[in-house]
Every structure is written in C-alpha cells, then in structure tokens.
Amino acid sequence: MVEFEVPEIDYDRYSNRQLAAVPLAVLAVAIAVLVGSYMLTGSPVALGIDFTGGSQMTVETGMSQSEIRGSFSPEPVSVQGVGSQDNTYVVTFDEDAGDISSLTDQAEAAGMNVIGSGETPASFG
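In this text, residue positions in the sequence shown follow this note's numbering: the first is 1, and each later residue adds one.
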C-alpha cells in the first residue's frame, strides 16, 4: 500500500498575522470580484430565468443553433440542445422579449416545429 508522509509544520515560526494573511487576501479578492460584478451588472451573480422571468420554448428543427438564434427578434438568451434527442432545442428568452405567442409565430414562420412553450414570472421567494 502507498503511504504518504506529511511533514509536520512548525507553526511557532510564524506569527498569527502571517498565518492569517493568505486566507484574508483570498477573501478580499473574492469580495472584490463580487462587488465588481454587482456594480457592472446589478447582481453579484448571473440570475437565471427562475429569478428574472421570461419565456421558454422547445422546438424541433434541422437548423443549427446559430440559425435558430438568428430567426428570432429579439434574440434569445440561450439555445441549448436537448440531451439525446437530435434536432430538438430549448430556446430561452428574457422577460423583455414580449408575448410567447409572437415568439411561437416567429418560430413557425422560420420552419420550426414548436413542441412546447411557456412563460415564467420572476420570483424571489
């Protein structure tokens, strides 16, 4: 069996200030990143459709993801393939995209088969 020998560290060689410096520096960098993100975007992390609200539809088409993205106005937030199903995509729009019926009409006009669609209100609780 493999044995690992971990050397004993003599903590008496370092002051408490030196021992705390590295974790506090990492914490300061993490807080700076969160504050910077909050100032740039208004949120410390990117909020998904569950928090911001929006529309989502599942389409079946032979188009590529970039072609699907270009078929809508306004442009979708994301276009993701569905697991093992070929040519099936989940298209997600933000809250400002408008009514789901107009988005469905755009999809059908572009030759996509809309399997399902729905809207999600913003929720924070």
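Simulated from the structure, these hints should not be mistaken for laboratory data. We put the beta carbon where it would ideally sit given N, CA and C, even for glycine. Any given hint might turn out to be false.
[As the list claims (entries may be wrong)] Label pairs and their in silico Cβ distance ranges:
(1) 118 / 18: 53 to 59 angstroms
(2) 34 / 7: 32 to 38 angstroms
(3) 26 / 99: 24 to 30 angstroms
Hint-by-hint comparison with the structure:
Roughly 56 angstroms separates the CB atoms of residue 118 and residue 18, a value that falls within the hinted 53 to 59 angstroms. In this structure the supplied range 32 to 38 angstroms holds for residue 34 paired with residue 7, their Cβ-Cβ distance being about 36 angstroms. The given range of 24 to 30 angstroms is broken by residue 26 and residue 99, whose C-beta atoms sit roughly 47 angstroms from each other.
Going through the hint list in order, the structure does not satisfy hint 3, though it satisfies all others.
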